[in-house]
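Given chain A's structure and the hints, the job is docking chain B onto it.
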Amino acid sequence: MKRLLLLPLVTSFVLGNTDYVTVKISDDLAYAYTTDSGKKIKIERIQDTSNRLTDDYTKTSRPCPPFCVQPTKIHPEIENIAELELIDFMENKVAKNRGIIIDARLKSWFELETIPSAINIPFPVMQNASTKKAELIFKILGMKVESDGRWNFENAKELAIFCNGVWCEQSAHFISGMLKYKYPTSKLHYYRSGFQGWKLLGLTTIVHKEIKK
Amino acid sequence: MLNKDQYNQEEYNNYYQQEMQGAEISQGGSGESSGGKGAIFAVLGLIILGVGGYFGYKAFSQGSDNTTDETLVVQHEVEQPSASIQVAEESQGKEETSENSPKESPKNTQVEQITHSVQSVANDNAQMSPEEIAKVVQMVMTQMNKNPEEIVKETSKKVESDTALLSALSDTDVDSVKEESSDTKNLEEALKSIEETQNTTVKQSSVKVDTYNKVNVESSSSTDELSQLSSQISSLMEENDITPTKTTSSSSSTKSYTESIKKEVVVRSNEMRIIVVKKGDTLGKIAKRAYGNVMEYKKIYRANPDMLNRPDRIYIGQKLRIPK
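The listed protein sequences correspond, in order, to chains A and B.
Reading the first sequence from the start, the letters are residues 60 to 272 in my numbering.
Reading the second sequence from the start, the letters are residues 300 to 623 in my numbering.
If we strip away everything but chain A, and leave its shape as in the complex, we get (with noise of 0.2 Å):
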């Protein structure tokens, strides 16, 4: 009875020796492409089992104030999606042009270390922009001014915010500026387990900067 299990195990290995994946993202997906500055990129996790996060995002305790775990609902429009939700945004979206992941995070957190594919719009600069900035940002992804002054946002992309987790409320912030002019909530997708969710699986990041000395 053991043989007769372990056979179809054996073969199966033997079979797929070649594209074999120890530790996949879901049963059915082992890894998933998309493109960074122009680089296509693997998103996969990592392989080594007895692989733990050791510095960054293992700490426990930042002081709340302003590092304050947040609600599970960011708005009660916007969806939460996790990272299998967001591995399909990439495929589905970024890589057809209709969605952009938002890095919602200051700048020198995004050059050390993000998803893939995201794009870093630090929060402060949609909470605190004037309509026209409004306009110019909302215009980039996807919006269109008609004739009368009316902001359409009929081809505006959808957009997959996230920040650092769920300590970090920089996605609020940013959310709150995209809501405040207007951006439609269906289109907006809110990433709560946000970096250190995705750090905590082990996938592949991007790293624009990186720190040597």
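Keep in mind the hints are simulated off the structure, nothing from the lab.
The reader is advised that the hints may include incorrect statements.
Derived DSS-like pairs (lysine-lysine); straight-line CA-CA distance at most 25 Å [what the hints assert, rightly or not]:
(1) B:Lys587 <-> A:Lys166
(2) B:Lys577 <-> A:Lys118
(3) A:Lys192 <-> A:Lys246
Ranges between beta-carbon positions, derived for each pair [said to hold, decoys possible]:
(4) B:Gly616 <-> A:Tyr92: 43 to 51 Å
(5) B:Gly616 <-> A:Asn211: 31 to 39 Å
(6) A:Glu194 <-> B:Gly591: 50 to 58 Å
(7) A:Val128 <-> B:Lys577: 53 to 61 Å
(8) B:Ile346 <-> A:Tyr90: 24 to 32 Å
(9) A:Ser189 <-> B:Asn592: 23 to 31 Å
(10) A:Leu260 <-> B:Gly591: 34 to 42 Å
(11) B:Gln527 <-> A:Asp87: 29 to 37 Å
(12) A:Glu205 <-> B:Ser559: 38 to 46 Å
(13) A:Lys239 <-> B:Tyr614: 37 to 45 Å
No residue lacks a Cβ here, since even glycine has one placed at the ideal position from N, Cα and C.
Chain B only, in chain A's frame:
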């Protein structure tokens, strides 16, 4: 007096009889020889069957030995808490009543234990092979041959281990107990070996992959839409820096929030500072550079458990975390 024809007839009859006898003899001989051949074939067949059966049994018993043994062991581990505690209770009870029936306790306990084991094995493995049955019988025989003292010792040992096991199990749920079943255990072992093999193949095949699964990218002048959009936003942000917007009521609170989280950026950048090992580097030299003290190498060593097995073994090109 015989005439020539009669003589010939007799001679013919004799000859015929002789021929017939000869034929019978030769038939008997050929019958014997064919019988001999048949016997040889039968013997050969038996030998082949015997050899085949022997190797087949050996191969099967090697496989089934482990299975049955492991099954039994695991069942002992899993089932013994209730079973052997019953035994313990019974033996305690029998100690109390030992004055009435002093000879009953060890043997009865033994018999009950064996019966229980056999029942449990039979219940769990409804389709037991003859070899497995033989194993069970063998186990029963060995149990029967043991001294009562040994059994008492074993029982007390089992009670101790079962108590420990019970206390451990009390913190776990039923699923985790099920995971200890022999098949799962074997599968886990197989998976582990596969995993180890895979890890080595992964390590061999992807030497260039960063341990931390980080990809370094440089902001290039790429022409794809995302890069262009990113650069447009960046230029807008720079413009924003040059011509700050009007100070609103919320901007002051944002400013204070921004200032407070900027400090955390500094902390974090210190925490995740990474150096690349160069030729001639040692942990001591790196510690001297980073902290001004050679003895701080332990700090670096502790911060890189996944990269360093020994503090005196670092490699050129290795990326090490240097905590603050």
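Now for the hints, and whether the structure bears them out:
1. B:Lys587 <-> A:Lys166: violated, 31 Å
2. B:Lys577 <-> A:Lys118: violated, 30 Å
3. A:Lys192 <-> A:Lys246: holds, 20 Å
4. B:Gly616 <-> A:Tyr92: 43 to 51 Å: Roughly 27 Å apart at Cβ, these two residues miss the hinted range, so it is violated.
5. B:Gly616 <-> A:Asn211: 31 to 39 Å: violated, 53 Å
6. A:Glu194 <-> B:Gly591: 50 to 58 Å: holds, 52 Å
7. A:Val128 <-> B:Lys577: 53 to 61 Å: With Cβ atoms ~42 Å apart, the hint is violated.
8. B:Ile346 <-> A:Tyr90: 24 to 32 Å: violated, 57 Å
9. A:Ser189 <-> B:Asn592: 23 to 31 Å: violated, 51 Å
10. A:Leu260 <-> B:Gly591: 34 to 42 Å: At roughly 37 Å between Cβ atoms, Gly591 of chain B and Leu260 of chain A fall inside 34 to 42 Å, so the hint holds.
11. B:Gln527 <-> A:Asp87: 29 to 37 Å: The hinted range 29 to 37 Å holds for Gln527 of chain B and Asp87 of chain A, with Cβ atoms some 34 Å apart.
12. A:Glu205 <-> B:Ser559: 38 to 46 Å: Holds, since Glu205 of chain A and Ser559 of chain B (Cβ atoms, about 41 Å apart) stay within the stated range.
13. A:Lys239 <-> B:Tyr614: 37 to 45 Å: violated, 52 Å
Checked against the numbered hints listed earlier, the structure breaks hints 1, 2, 4, 5, 7, 8, 9 and 13; every other hint is satisfied.
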